[in-house]
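K.L.:
Sequence:
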Amino acid sequence: MINPTHFIALLALLSLLSCSNSEPYCKNEDCLGVPFADGTVDYRVILIGDAGGNIGGMNYDQEIKLAFFAAIKNFSKVLPGRTAVVFLGDNIYSNGLPDPTEKKVKPDKGCDQRACAEKRIDVQIGILKGIQARGIFVPGNHDWDSAGKRGWKRIRNLEQYIDDSRRNKKADVAVIPKQGCPGPVTVPLSGKNVGIALIVLDTQWWLHQHEKPEKDHNPADCKPVTEEEVIQTLKKQIEDSRKENKHVLLVAHHPLITYGKHSGFYNRGDLLNPSRFLSQWIKSTGLAGRQDLNHPIYREMKKKILKAIQESAGEEGAPLIYAAGHDHSLQVTKDKVGNFHLVSGAGSPWKATKAGYGKATLFSHTNKKTGGFMAVDYMRSGKIRLSVIEPRSPDDECKNNSGEECVVFSTWVS
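Numbering-wise, the sequence shown is residues 217 to 630 according to my numbering.
One or more hints might be untrue.
[To be verified] Label-pair restraints from in silico Cβ distances:
| # | residue 1 | residue 2 | range |
| --- | --- | --- | --- |
| 1 | 408 | 575 | 36 to 44 Å |
| 2 | 460 | 433 | 28 to 36 Å |
| 3 | 433 | 455 | 28 to 36 Å |
| 4 | 383 | 331 | 19 to 27 Å |
| 5 | 516 | 395 | 22 to 30 Å |
| 6 | 433 | 385 | 14 to 22 Å |
| 7 | 385 | 596 | 29 to 37 Å |
[To be verified] Below, computed lysine to aspartate or glutamate pairings styled on DMTMM-like, alpha-carbon distance capped at 25 Å:
| # | residue 1 | residue 2 |
| --- | --- | --- |
| 8 | 451 | 430 |
| 9 | 369 | 432 |
| 10 | 520 | 456 |
| 11 | 520 | 551 |
Worth flagging that the hints you see were computed from the coordinates, not collected in a lab. Each residue gets a CB set at the ideal place from its N, CA and C atoms; glycine is no exception.
Make a model of the complete structure from these sequences and hints.
P.N.:
Pasting the structure below:
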């Protein structure tokens with residue numbers, strides 16, 4: 217019989233040449249291809265995912281003043297009335313927002329009650345207080361009870377809490393799609409010259425194996441409510457937006473292209489940890505769980521969404537941006553047809569995980585000290601500038617030079 221340890225070691229040796237590089241694909245000054253001063257921004261969209269794990273030993277007042285959240289706020293208040301902040305899911309770790317009457321909640325880094333869950337979402341809502349920016353919360357698997365049995369109830373709890381916050385805390389915030397529906401939902405955004413179609417999908421609905429809105433069980437009256445209807449609606453919304461000469465930004469929690477933990481990524485250092493290597497190797501195969509890119513249901517979802525995007529490209533084939541979180545890293549990839557795939561899941565720095573890169577990767581980085589987020593700037597000229605921001609220290613709140621010192625990568629989306 218083969219010794220399991222020897223088997224793992226053999227797999228490691230065979231994989232040495234195939235594992236992805238863990239070093240940043242692009243570094244600091246070498247990546248500043250697009251200066252902030254180049255053009256006038258008409259509308260800005262901030263993309264931040266997996267930010268629901270930040271309240272630990274700190275209180276709310278301490279947390280909201282950290283460089284990471286201060287930087288998001290500074291980038292979000294530059295264009296009053298012409299900025300949207302999109303939280304890309306996993307807005308409350310680790311099991312979403314429980315009912316107020318629940319006494320036992322699975323702990324996560326010292327956070328084990330409804331009150332703590334509320335603090336975690338309050339920090340994110342707090343970014344929008346006092347500034348004229350719109351906040352949109354996309355559901356993630358952790359918001360759905362970590363894909364558990366109480367998921368549908370938990371995502372509706374979050375929606376209700378955020379609706380109440382909009383009224384009580386005077387912040388323009390909402391969960392989209394609503395009621396645990398899959399979407400897609402088109403949210404029109406507009407500057408003075410530029411129109412943007414922000415199309416929002418709840419990909420956890422697709423992957424969820426417990427109770428959810430379905431064709432034969434649809435008390436929320438979701439439309440669409442089947443996978444086929446979702447895809448057909450998505451294609452139509454993209455096509456209609458293009459006919460109106462709008463830029464298309466498609467957002468969800470689960471990425472379609474990633475070289476992070478959920479794709480089975482590992483680096484050479486992981487080969488020294490047999491249990492981690494085996495876990496990541498499994499994620500790179502068909503044995504992966506539903507939250508991993510190689511699970512059959514996830515693969516099918518990816519295939520159908522990518523096909524819908526490609527079939528609705530239109531004659532001019534203008535680039536579409538698909539932005540997600542889920543993997544706790546910052547990645548920018550340009551696919552073979554010219555669309556951009558963003559992973560902006562570094563919203564809880566201490567949860568950051570390593571990421572590699574593929575042939576089409578433009579940028580890949582993880583920083584447990586800083587975390588990070590992305591900004592998509594729609595220029596009055598019609599151009600689109602993408603920036604990756606990593607606040608570097610508590611004293612550096614990205615205030616100087618329009619925040620340029622915090623930008624570790626920028627490029628035109630074209």
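K.L.:
Could you work out which of the previously given hints the structure breaks and list their numbers from low to high?
P.N.:
6
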